[in-house]
Amino acid sequence: MTKKTLIAVVLTLLYLSSPAFGDVLKAVDGPRPLTAQDQYFMHPIWSPRGDRLALAGQNYQGLWVINLRDGQLRQISDQLGAGFGPSWDPDG
Numbered sequence: 000m001t002k003k004t005l006i007a008v009v010l011t012l013l014y015l016s017s018p019a020f021g022d023v024l025k026a027v028d029g030p031r032p033l034t035a036q037d038q039y040f041m042h043p044i045w046s047p048r049g050d051r052l053a054l055a056g057q058n059y060q061g062l063w064v065i066n067l068r069d070g071q072l073r074q075i076s077d078q079l080g081a082g083f084g085p086s087w088d089p090d091g
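If you use numbering that gives the first Met the number 0, the sequence shown corresponds to residues 0 to 91, in order.
These are computed hints drawn from the structure, not numbers from a lab.
From a predicted model like this one, the values you see are computed outputs, not experimental measurements.
There could be a bad hint or two in this list.
Claimed, not checked - Now the in silico label distances, taken between C-beta atoms and shown as ranges:
| no. | residue 1 | residue 2 | range |
| --- | --- | --- | --- |
| 1 | Trp-87 | Gln-38 | 33 to 39 Å |
| 2 | Lys-3 | Met-41 | 37 to 43 Å |
| 3 | Ile-44 | Lys-2 | 53 to 59 Å |
| 4 | Gly-80 | Thr-4 | 41 to 47 Å |
| 5 | Gly-70 | Thr-1 | 18 to 24 Å |
| 6 | Phe-83 | Gln-38 | 15 to 21 Å |
| 7 | Gln-38 | Thr-11 | 33 to 39 Å |
| 8 | Phe-83 | Gly-49 | 36 to 42 Å |
| 9 | Lys-3 | Gln-78 | 44 to 50 Å |
| 10 | Ile-6 | Gln-38 | 42 to 48 Å |
Beta carbons are placed, not taken as given, at the ideal position from N, Cα and C, and that holds for glycine.
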């Protein structure tokens with residue numbers, strides 16, 4: 000392993016173990032629903048900070064954001080196609 004590779008691995012491990020990263024990810028006993036059972040979402044996109052998900056509605060109808068800290072689901076748009084290919088601003 001080269002010195003550059005070793006440094007990259009160490010920095011990655013330090014980043015992943017940082018408190019900011021650990022606050023968002025929590026161990027659970029298995030999968031758990033994020034929304035009501037009668038709602039269907041697809042193509043989740045993580046926010047840059049990892050605390051929210053952008054979700055496309057069924058058949059890309061509408062765009063939604065769920066806050067993973069408190070579970071609040073907010074509709075951003077109800078337009079057809081709004082959920083196709085969303086992206087986050089780098090600042091979140």
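Status of the hints after comparison with the structure:
1. Trp-87 to Gln-38: 33 to 39 Å: violated (21 Å)
2. Lys-3 to Met-41: 37 to 43 Å: holds (39 Å)
3. Ile-44 to Lys-2: 53 to 59 Å: Cβ of Ile-44 to Cβ of Lys-2: about 36 Å, so the range 53 to 59 Å is violated.
4. Gly-80 to Thr-4: 41 to 47 Å: holds (43 Å)
5. Gly-70 to Thr-1: 18 to 24 Å: violated (45 Å)
6. Phe-83 to Gln-38: 15 to 21 Å: holds (18 Å)
7. Gln-38 to Thr-11: 33 to 39 Å: holds (36 Å)
8. Phe-83 to Gly-49: 36 to 42 Å: Distance hint for Phe-83, Gly-49 is violated at roughly 23 Å.
9. Lys-3 to Gln-78: 44 to 50 Å: holds (47 Å)
10. Ile-6 to Gln-38: 42 to 48 Å: With a Cβ separation near 45 Å, Ile-6 and Gln-38 satisfy 42 to 48 Å, so the hint holds.
In summary, the numbered hints that this structure violates are 1, 3, 5 and 8.
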